[in-house]
Amino acid sequence: MDKHLIFYAMFIPSMILFFWGMWFRVSLYLQGTLEGAEGLAPWGKLRILLGRGWKGFWKRPCWYLRTLVVEVLFHRRLFNQSFFRWLAHTLLVFGFIATFVVDMIKGFTTGYLVEWSRSIPFFAFAHAFETGRIRPFLDFSLEFFSFLILAGCVLAIIRRFFIRPDQLRTEEEDIVTLLFILYLELSGFLIEGYRIAHPEVVTNQVYMANFTPLSANNWISFFGYFLSLFMKGINLNPHFLWYAHVIPSLVWIVYIPHSKLLHIFTSSVTVIADRAKEKLQA
Amino acid sequence: MDLSKLSPKQLLEIDACTRCGECLNFCPIYSQRGEEGINPRGKIQAMKKFIRGQYGLWAKLFGPKKLSEEAVKKFSEMVYHCTLCGECGLQCPVSIDSRNLWLALKEVLVDLGHYPKNIGLMKNNILSRYNVSGEDNALRVEWLEAMEGLPDHKYQKEKAEVVFFVGCVSSYYPMAHKIPQSFIRILDRLKIDFTLLGGAEWCCGFPLIGAGFKKEVQKLIQHNIEGVKEKGANSVIFSCPSCYHTWHEDYKTDLKLLDSTQFILKLIQEGRISFNEGRIKVTYHDPCDLGRVSGVYEAPRAILRAMPGVEFVELPNHAEHCKCCGGGGLLEMVDPELGAALAREKIKEIQGTGAELVITSCQQCVRTILSTARKMKIPLKVMYITEFVLKYMK
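One line per chain: the protein sequences are P and H, in this order.
Numbers in the working numbering are just positions in the first sequence, counted from 1, shifted up by 1281.
Numbers in the working numbering are just positions in the second sequence, counted from 1, shifted up by 3.
Quick caveat, the hints were computed from the structure, so don't treat them as lab data.
All of these numbers come straight from a predicted model, not from anything done at the bench.
Ideal Cβ placement from N, Cα and C applies to all residues, glycine included.
Do not rely on the hints blindly, as some may be mistaken.
[Unchecked claim] Below, computed lysine-lysine pairings styled on DSSO-like, alpha-carbon distance capped at 30 angstroms:
| id | chain 1 | residue 1 | chain 2 | residue 2 |
| --- | --- | --- | --- | --- |
| 1 | H | K259 | H | K222 |
| 2 | P | K1513 | P | K1284 |
| 3 | P | K1336 | H | K259 |
| 4 | H | K77 | P | K1558 |
| 5 | P | K1541 | H | K69 |
| 6 | P | K1560 | H | K255 |
| 7 | H | K77 | H | K162 |
| 8 | H | K162 | P | K1558 |
| 9 | H | K12 | H | K52 |
| 10 | P | K1541 | H | K162 |
[What the hints assert, rightly or not] Distance ranges between label pairs, derived from CB positions:
| id | chain 1 | residue 1 | chain 2 | residue 2 | range |
| --- | --- | --- | --- | --- | --- |
| 11 | H | K218 | P | T1451 | 32 to 42 angstroms |
| 12 | P | W1335 | H | E229 | 46 to 56 angstroms |
| 13 | P | G1325 | H | K218 | 47 to 57 angstroms |
Excised from the complex, chain P in its bound form (with noise of 0.2 angstroms):
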């Protein structure tokens, strides 16, 4: 079967029950009580709240941007109380927003845009993004990306299990956390090095196609390279290697709001909330 069939057919119940599970936690935070909504159904609720935030976020846009970045994304907080977190939790946050948006772009550029220029000739531009000169720029993004995850998740576990200060304490859900990023960081960069490694093999699964020249691999895909240095004499089942990397993401993806990934989303509000606050009393 069309293996992007098959992706869609794991991708769209995968996203359902991302969303219904967001909504499960965001319905019980509505249980609460909102000041000047009490007795609102939880729709209302919601609907007040995000009134009250798109309100506040058009009165100062980029003040609300600016502290996305500095305070959010770039943790301002952390970086004044630890450096090596600082790095770590920067390495992962960055590394997984750079390498979401640069697979958006591949994924719509060279899956629909190609697809569409075939009957409407304005989207001939899509090529480029699949074997033309703006391939290589985002073929080494996503490696460079995907290598910034791993390098922070590889931080957290040497903090975690290596450094182990003793404000830490470790229970099941960190551990399952981080060896989840570990393992999807590294399955990803397995099949990389499996499919330069192994040419012949995955010439004829698209799905599994390196449009990289194959001269240029090893500074656009830098550590698959490195890791197809040792995979020259290992033969896998490509097929085995594409479903082990793809379930487990599906599944992680499923897993963020029911485990600690969900402050992906909670301490986001909270930090921008607090500096509103801050910035109000101000």
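Fit chain H to the supplied structure of chain P, relying on the hints for placement.
Below, chain H alone, put in the same frame as chain P:
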């Protein structure tokens, strides 16, 4: 467990805690006890467990877990063992407004009937006698009797521009009487048109809010605002930082509210107060409710800097990092020994500065530090800032 005692933001904050443990380095209670259950992270995790047991995915599918009396009792001990100093929130990397979260958790516990007995007595005192001590509220201004040369109105005028809201501790606890006495001497000497509310002053409601009885304070708020309005005043000044904060946060009034330090600084800046030269080395202890909670750090320092000959040295932990003296958050009622242990730490810190005198702007801090120093037989001098100002005022 009723989640309506918390706001949506507070419920979200419980999920935002990543258990990083940054708060542990700053929690005064944890520094003494070292128990996971008693620190901010432990409290949030315990609440999260309750919420998951009652409202989580498992609870939705198979029904909520029965709340164990033992678990709630333990949780109550955790939540009430807190000075409400607010340092955990200030240090929290994800900016959880923990002080307000602790107050909301106390409301949940009150709703479940799990709160310390002493707190129940205090609540009854306030609701029946309108003050925290349980004495007749008409005795609120008894401290005036020790003052010489009182005017006929005994500072309880029909009308005045400014109301001095004294607060329960300064009114009823002899160790703190010098605070309002010195403050009204200053006001009197500068011919400020002020009045006290006398027996018509009721507890501001802070002890009730701090204990989890927030819904009971409306009557007190209403009464106090009416009392001030009847005097025709446009400003209220406070010598108690907890009253000052409560008025700011919960009274929703258009009256001008000033802490004693802000008011005195204003008078200094207007050139109405000048000082004789002193020769003294002092340090300053920031009360939690004035500093971290209300954000007033500069006014007391500016006053001390304006006094010639006064050598001002900071405590090693000062301003937003100032450690609670142990007198906050009703800890004195819940676990006096723990409060005293914090006060002993504070005293050591003060002694380390080599200052002859520690100045503060909170009657509760004066009482806590002074009484612990006396128990330790340490001749430490503690003064409320108005006493110090009066001493050197020309």
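Comparing the hints with the structure gives:
Note on K259 of chain H and K222 of chain H: the hinted pairing holds, with a Cα-Cα distance of about 21 angstroms set against a maximum of 30 angstroms. At roughly 25 angstroms between alpha-carbon atoms, K1513 of chain P and K1284 of chain P fall within 30 angstroms of each other, so this suggested pair holds. Restraint check for K1336 of chain P and K259 of chain H: satisfied, since their Cα atoms lie roughly 29 angstroms apart, inside the 30 angstroms limit. Straight-line distance between C-alpha atoms of K77 of chain H and K1558 of chain P comes to about 33 angstroms, which puts the hinted pair past the 30 angstroms bound.
Under the criterion of a C-alpha separation no larger than 30 angstroms, the hint pairing K1541 of chain P with K69 of chain H is consistent with the structure, at around 25 angstroms. A hinted pair counts as satisfied when its Cα atoms are at most 30 angstroms apart, and K1560 of chain P with K255 of chain H qualifies at roughly 20 angstroms. Among the hinted pairs, K77 of chain H with K162 of chain H is inconsistent with the structure: their alpha-carbon atoms are about 51 angstroms apart, more than 30 angstroms. The straight-line distance between the Cα atoms of K162 of chain H and K1558 of chain P is roughly 36 angstroms, outside the 30 angstroms bound, and the hint therefore fails.
Between the alpha carbons of K12 of chain H and K52 of chain H the distance comes to roughly 18 angstroms, so the proposed pair stays at or under 30 angstroms and holds. For the given pair, K1541 of chain P sits about 58 angstroms from K162 of chain H by alpha-carbon distance, which is inconsistent with the 30 angstroms threshold. Taken as a hint, the range 32 to 42 angstroms holds for the pair K218 of chain H and T1451 of chain P, whose Cβ atoms sit roughly 40 angstroms apart. Checking the proposed 46 to 56 angstroms range against W1335 of chain P and E229 of chain H shows it is violated: the Cβ atoms sit about 38 angstroms from each other.
At about 23 angstroms, the beta-carbon gap between G1325 of chain P and K218 of chain H misses the expected band of 47 to 57 angstroms.
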